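Chemist: Listed in order, the protein sequences are those of chains C and D. Those letters in the first sequence? Residues 1 to 141, by our numbering. Those letters in the second sequence? Residues 1001 to 1504, by our numbering.
Just so you know, these hints were derived from the structure itself, not from any lab. Take the hints with a grain of salt, since some may be wrong.
If the Cβ cut is set under 7 Å, some of the chain D residues that face chain C in the computed set are [unchecked claim]:
1. F1313
2. S1320
3. S1344
Fair warning: this is a prediction, and the values are worked out from it, not measured in the lab. Ideal Cβ positions, reconstructed from N, Cα and C, are used throughout, including at glycine.
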Amino acid sequence: MALSATQLVDTLSGLSLFADLSRPQLEQVAHKMSEESYPVGQRILREGFTGTGFYVILDGEVAIKIDGEERARLQKGDFFGEMSILLGEPPVADVVTTRQLHVLHLGGPELEGFLRDHPPVMYRMLKTMALRLYNVSRVRD
Amino acid sequence: MTDRPDRPYPPGDYPVVVVGSGPGGLQTSYYLRHLGIDHAIISADPAPGGMFRRFPFFQRLLSWTKPYGPVPRDDRFYEWYDWNSLLAEEPENRAIMPTLMDDSSSFPSRPEMELNLATFVERTGLRVRYDCRWEATRRDGEGFVLQTSDGDYRCKVAIFAVGIAEPYKPDTPGFEHAAHYVDTGSPESYAGKRLFIAGKENSGFELATGLLQWAQRIVLCSPRPQKLSVNTHSLLGVRARYIQPVEDQILGGGVFILNASINRIDRRGSPFRIMCSRSEGGAELAVDADEVIAATGFVCPLLDLPDLGVSVFGRSKLPSMTNYWESATVSGIYFAGTIGQGVSGMKKYGLPANSGAVHGARYNARTMAFHVAQKHFGVERARPSVEPSRLVDVLLEEATHAPELWNQKSYLARSFSLDPGKGIVDEGIVPLADFVDVEGPAAVAIAVETDDTGDIHPAVYIREEGRPAVETLLLSQALHDFRTAEHRAQLGSLLSGVTAGAVP
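Produce the complete structure using the sequences and hints provided.
Modeler: Structure, rendered in structure tokens:
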């Protein structure tokens, strides 16, 4: 999926994580994050490995696996990798591509500055993480 | 058509066809020949060199060749000090670049680099069919047909080393009026002018640095702040040699570096007016300029490969690839040279590999050639055994000196399989992301990595049979010599367990 600069910004504007950003801010996001592509079956995050990154899915799908057991799937607009970076700990799960994956990537050390520069993104991320926590709690109950 | 010495590889059937005569195509062809894989190599250019026949404009290369390394120039470990020579198995064909430099800089000039590649071709006897332009592609049974200006080439495997060479300009209104980086004029033509450069990557700063003494004013503009390599602890960002414009801005010396998105470029008469929105706050800003140059990058000239099913992504239209640089969507199509940067690998701490530069791409090309030979033609390369008692020392020696590990940090690794029946076997250089994801026999791989603090240290990946690899970081060392008693003890302890004590 090769997007022109304008198409990429249009795509970002349609993702809930970036829904509160102005067009110049979206352009800055598009320049700050790098586009990457991964084939089917590749691990993007690896349990116990250091130096991970933050990813936003533009196209494709990944599975989250713990000890080989699939726990969830993420698709366009979803993001992953933030927990490990925010906690400063290696991931506790593998994230594996189940379809060819096209993502925006940000190196782990850049995430804090990125979120401080874009508080609306931080708020949206917080809401999503709260929802994930709520869903996990509900399943346990 | 006959196979004339000056026009080798006439159209016809070949097991492999390589397209391109830049460093990536030449290095791939060299190792395919070394492995006995019959192939043709064709190029639209009239001579070897690829992008180095034209770029960079003003400055020397960004990749060093240090003439006085601590080891002889034909030693493999010297490759860490010479980023520009292509790899060769024959000692006399190694380290050509330092023999062609005039000692005025450790960074070769463009003509010196072009001569380096031409000399490699001459000395190694590589033959290339020049002035043969690849024009279209179609499937042919299990293989492909490459239509060229000289006729059709049928092949089982096609390897494209065509660079990221097609100028790219954003679709923002008015960019059609801007010159692209490749159309930059002579320095004198910018004398006394107000110059606006769109883009804050190395190409933009290369132009700004080269034109500092000529332009009346230089504005560099893109949405995000520039990254500097000295801050990212990698080659990501503007290289140290191009940061003079940053200092000029700080001192108020006629250089302005703006974080803004460009809304449109108006041309009313000769001068330009560039309408921008500041990234911080979104305030509108109009900048007048006499010249506008789009240093906005390049895209891959993949012609009709996407129509064939080759998936591409990103602004550079890079192909989606496996860890062995094969198209993720069309088996049998590979990519070499700077296109290889589309394979992210581990990208630890966000640091990319150096696949976009010769010193990374040359190892990718060799690794890919071994893979193509094995996967498509059943040619296995030598896998010598290693005495268990030597494994720890060999791994630490690799971490200290191996040019593959230092040039492609967290990307390429040295691997040894730990088969109890066959003993310890040298598996050579492998893509690290492949090693840690493929469920194979028990094995160990060592890589060199840089973390977010800039600390450089070895990382060991141990894979037990049928289980994912486990990562262990070794200690760093002030002088990057990891052959210490502490490192031996740490690594020995790790390996002793996985080899049931075979490694002491």
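Chemist: Decide, hint by hint, whether the structure agrees.
Modeler: Hints versus structure:
no. : hint  : in the structure
1   : F1313 : 4 Å, holds
2   : S1320 : 4 Å, holds
3   : S1344 : 5 Å, holds
In this structure, none of the earlier numbered hints is contradicted; all agree with it.
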